[in-house]
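Protein chains: 2
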Amino acid sequence: MEKKSVESFKLLKKHFDEIIALTEEEFEYAASYFRPKKLKKHQFLVQEGQQSVTEHFVASGLVKAYYTTVEGKEHILQFAMENWWVTDYHAFYHKAIASTNIDCIEDCELLYISQEDKDHICHEIHKLEYFFRVKSNNGYVALQRRILSLLNQDAKGRYEEFIKLYPKLVQRIPKTILASYLGVSRETLSRLGR
Amino acid sequence: MEKKSVESFKLLKKHFDEIIALTEEEFEYAASYFRPKKLKKHQFLVQEGQQSVTEHFVASGLVKAYYTTVEGKEHILQFAMENWWVTDYHAFYHKAIASTNIDCIEDCELLYISQEDKDHICHEIHKLEYFFRVKSNNGYVALQRRILSLLNQDAKGRYEEFIKLYPKLVQRIPKTILASYLGVSRETLSRLGR
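The listed protein sequences correspond, in order, to chains A and B.
Every letter in the first sequence is one number past the one before it in our numbering, and letter 76, counting from 1, is 117.
Every letter in the second sequence is one number past the one before it in our numbering, and letter 144, counting from 1, is 185.
Just so you know, these hints were derived from the structure itself, not from any lab.
It cannot be assumed that every hint is accurate.
Pairs count within a copy or across copies, as identical chains cannot be separated in the list.
[Unchecked claim] Heads up, simulated EDC-like pairs for lysine to aspartate or glutamate below, C-alpha to C-alpha not over 16 Å straight-line:
no. : residue 1 : residue 2
1   : LYS176    : ASP160
2   : LYS114    : ASP195
3   : LYS79     : GLU150
4   : LYS216    : GLU228
5   : LYS81     : GLU201
6   : LYS78     : GLU150
7   : LYS79     : ASP58
Construct all of the structure, not just a fragment, from the sequences and the given hints.
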């Protein structure tokens, strides 16, 4: 295994350690179901129409998950940077064809796992089932917050909330893409000082 | 235990059975951590400012979870009818003070559980940890879909998608409340044929 992917697995271990205490043996077992992948900026993790999608742990870099309308407009569903998980979750959980694209905003190092293997390691190691339940719960709460922001806030409010929640992320995202995530026009975002 | 709550526990059993296979003994153990509650239309399950919130399984009836702005405007975060789970999830998972209200659109019969007890039964019975991970995953996907609907669809599109996804629910929800959920005005919703 090349040096870089060793680093990725170290990060994954640290990431699990934040919530659960796996033994060395348990971690090695779980890690054996993950595969490393390196992608360059603009390359795709998931493409619309793809038959089977895997879930990705981002060890370094930044990606965006987005839906493209028939008119070619992009709506950003999710960003993911270091220590975040990303896939087309509808396709992943329901074994459906991907309806979204996920590509790299920066060069990335990833670890990926199939839905079957994720279920398998969660079944074998109860602590992992707990870990991923907690992650999913946190994700749910973050999405509720985003819905509230879309319903309740104007462009300025959404932008300020995003900066407050993700101060590190905001500097790494091109303006046009951030505007799309916030559901505001690029011009409006510019007026807010970006 | 009165007759009505026996029915509620039967529904809970059936609800678990859709995803996992608990033994009679396991179900009895898990069920012992739930308490029944009956509420009338307009009564509250959770109130803004509440110190500790419980999660509710809806056995019958219909509730809405909403956020109230300083101007008094209500934004609907979630509906929950039979077989759905509902609480202020941010408050529930993070032991925070409730920032939302949840009240009954119809008379309700509920089963509720504390966060500690939910974690406990998930820890004792691995199958329940799996069950709630799956539920949380499904919830996450449903919220992503709603975000996409808010970003991508106009009032008509959002309304039609809601009817398609929740045909039974749409008939039970007052127009003003549905308009608030969809993020459109009551007048716009009326023009769409409600």
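Here's how the hints hold up against the structure:
In the homo-oligomer, the alpha carbons of LYS176 and ASP160 lie at most 16 Å apart both inside one protomer (15 Å) and across protomers (14 Å), since each shortest distance falls under that limit. When the C-alpha separation of LYS114 and ASP195 is checked against a cutoff of 16 Å, the pair qualifies only between copies, where the shortest distance is 14 Å, while the shortest distance within a copy is 21 Å. In this assembly of identical chains, LYS79 and GLU150 lie within 16 Å of each other by CA distance solely inside one copy; the values are 5 Å within and 52 Å between copies. Within a single copy, LYS216 and GLU228 get their C-alpha atoms as close as 10 Å, which meets the 16 Å cut-off; across copies the closest is 35 Å, which misses it.
Proximity of LYS81 to GLU201 under the C-alpha cut-off of 16 Å is found in neither arrangement, the shortest distances being 30 Å within a copy and 40 Å between copies. With identical chains, the CA atoms of LYS78 and GLU150 are at most 16 Å apart within one copy only, with a shortest distance of 6 Å there and 50 Å across copies. Taking the shortest Cα distances, LYS79 and ASP58 never come within 16 Å of each other, neither inside one copy (24 Å) nor across copies (41 Å).
Consistency with the previously given hints fails for numbers 5 and 7, ordered from lowest to highest.
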